[in-house]
Amino acid sequence: MKVGRLKVVFEPVTFNLQLATIMTETSLTKELLPETILLRPTRGWTALNLGDLWRYRELIYFLTWRDIKVLYKQTVLGAAWAVLRPVITMIVYSLIFGQLANLDSQGVPYPIFTYVALLPWQLFSKAMTDTGRSMVSNRNMITKIYFPRLVIPVATVLSGLVDFFIAFVILIGMMFYYKIPLTPAIWTLPLFLLLTMVTALGVGLWFSSLNVLYRDVGYVLPFLTEMWKYLTPVAYSAGYITGMWKIIYSLNPMAGVVEGFRWALLGIPLDPSANVTMSISIGVAIVVLVTGLFYFRRMERTFADMV
Amino acid sequence: MTHPSPVFRPPSSGGLAIRVENLGKQYRIGTAPQKYRTLRESIVNVATWPLQRIRRGLAPSGVDHHDTIWALRDISFTVEQGSVLGVIGRNGAGKSTLLKVLSRVTEPTEGEVEIRGRVGSLLEVGTGFHPELTGRENIYLNGAILGMKRNEIDRKYDEIVDFSGVEQFIDTPVKRYSSGMYLRLAFAVAAHLEPEILVVDEVLAVGDAEFQRKCIGKMSDVAQEGRTVLFVSHDMSAILRLTEEAIVLEGGKVVYRAPTVEAVDYYMTSGFSEAGERKWEIDEVPDNAAPFRPVALRVRDAKQNNVDVVRSTEAIHLEVEYQLTEPIQGLRVGLYLMSARGEYVFTSFDTDEPEQYNQFGIRPVGHYRSICTIPPDLLNEGRYTVGINASSFRIKRYFMDERALTFTVDGMGAPGKQWAETRMGLMRPRLQWRIDKQ
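Going down the list, the sequences are from chains E and R.
Residues 1 to 307, numbered by the numbering used here, are exactly what the first sequence covers, in order.
Residues 1001 to 1438, numbered by the numbering used here, are exactly what the second sequence covers, in order.
Source of the hints: derived by calculation from the structure; they are not laboratory data.
Hints are not guaranteed to be accurate.
Across the chosen pairs, the derived CB separations fall in these ranges [to be verified]:
1. E/P222 - R/G1330: 41 to 47 Å
2. E/R298 - R/D1221: 28 to 34 Å
3. R/D1221 - E/T188: 55 to 61 Å
4. E/R57 - R/M1424: 26 to 32 Å
5. R/P1259 - E/P222: 57 to 63 Å
6. R/E1110 - E/S137: 55 to 61 Å
7. R/P1286 - E/I166: 40 to 46 Å
8. R/S1179 - E/R57: 31 to 37 Å
9. R/D1221 - E/S137: 53 to 59 Å
10. E/M227 - R/F1393: 47 to 53 Å
11. R/T1422 - E/W54: 57 to 63 Å
12. E/R85 - R/Y1344: 52 to 58 Å
All C-beta atoms in this analysis are idealised placements derived from N, C-alpha and C, irrespective of residue type, glycine included.
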């Protein structure tokens, strides 16, 4: 792909849910020429063909927009749910783990300590679960129309961000309330957010492809989410894990994400071995994403026949 | 081996819109229509795999041919740019699979297809519509799903709303729409896609007359603009009206290609061995038809001869010969009569009369003939198709062949024959007239 042709314009992202003018213009001339498409059987592992995904970026936008738009339709509380879920979880955790069990929260008030972790965790678990089910829930589109199937999981992960940003507003309020100063590391927050999305997409891609063949995935996902949550320092401090365990623990990219969030937002110092553990977390996330992408592409050709 | 697929090439200078070469599509039985495996089955399969291999006598590895069917095989044809091609065939002949391959929903198993331009299909009318979103929002969403660019939808938005005729409700969630409004809006979006190749599959079967008129109008527009149309339908009159040329699919193969009139005639008359009689060999009958085994279907004239042409002024006997290898409860053996244009004339079963129904509550094992007599002076002249159906109501359909046999009705001596004209309608009854002078 010629880089010179792509015109990327960065605009401040406004979450205007109307049919807004976020869309980028495309060169019309190219679309008007009929192109010849050659359809042939493919076998084994195939190229990712991300160019095709780029051509269908408007569809990603519209599917994301649909998911957001539909999310709180016909609910009384509407978008308040995005706030209620992490806040109620925070209250319960604060009572049980903060008060009763009196877990160490590394010098920060326990409620904000756990809320900071709940934000990326809930983004991750929802994105992973929804993505894992996305191919089956969009079955009627898949069996009737061609488009790069990758569009669906990508849009599903992106639509999860809205809840995150709504709940983030509460976090800002809490930081004022507890008088927590901004840390110089705050700029790294988008990177940890990206790591969350990469992990969710990677795992989601595996599960969405498997779900087409094996509906067991529908039963595995809620269970896996619950187990995974215990392996992630959401309710407790990662400081409890030390030595060799730390290395194994960091195989879970979400452990790295939660530690990163606490570091970037609350100034909780990272473990001395953070260079190694973070690298492992990032490495695992990338491996899961890349293998997930290739596996998805490999299975893609049978989706319409099997789903 | 990897083929990057699809391969984008610069447009070739030839006038072909579609080139299909040795196309084949194989399905695994049991996986094709909406069945999925569970992980447990797979694990069991893996565990018992060596055993199965030994039992099968170490057959050469590869695809097990007992578990697969070819929905399409060795299909080759080309479509010129700007032509309108009809695709006809029975249920299961591979029409839908062919359309799915051409519209890139599913990948071919062998062979290749070259398509020049964007393929739009009217088989996906309303796909991706979300009930909670308004008409306006669904236009944008559905447009994007069909592959339209945002500025393209903006440009055509007013036209789409206009065409759909639902402008009053455009800001109402589509779940509140009537099914007619829903369909009109969905069709309006699909119809404005302006693809180079339009694929239409049975959309005419749904919707009211007004909708069908719009649908057909849009198709002719598309054709007149020099774009290519592929039209799949069971409605022979629509095929005859809209297409110049047609291909006939049978058992996943293209068996005939000709100007539409000839192709329709071929299709309507194909599939029987001898004039006035259709016999079923054992291997032609699907396994799941058991314990019902069709033997033959015959058209007989008043003198009990097997005939291809019967006179409308005489009684016509339609005889189904079959065997039952086990007793069947509530069996009804019936016939469909269809006109050459694919319209149903009637459906009738041998136990329609309460007397027969009570006598044959359980039909014992044996060799049977069910004979239906069409009274004289009922059918108009023309060609008719007889279909057969053997079923127990709401329990099981044992056997069905909608196009088992065709025959011609000759109008010699029929009422009104003193005028050499074609009479409209499927019937040519001898009715009583009285002329009163005041």
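Item to check | Which numbered hints fail | outcome: 2, 4, 6, 7 and 9
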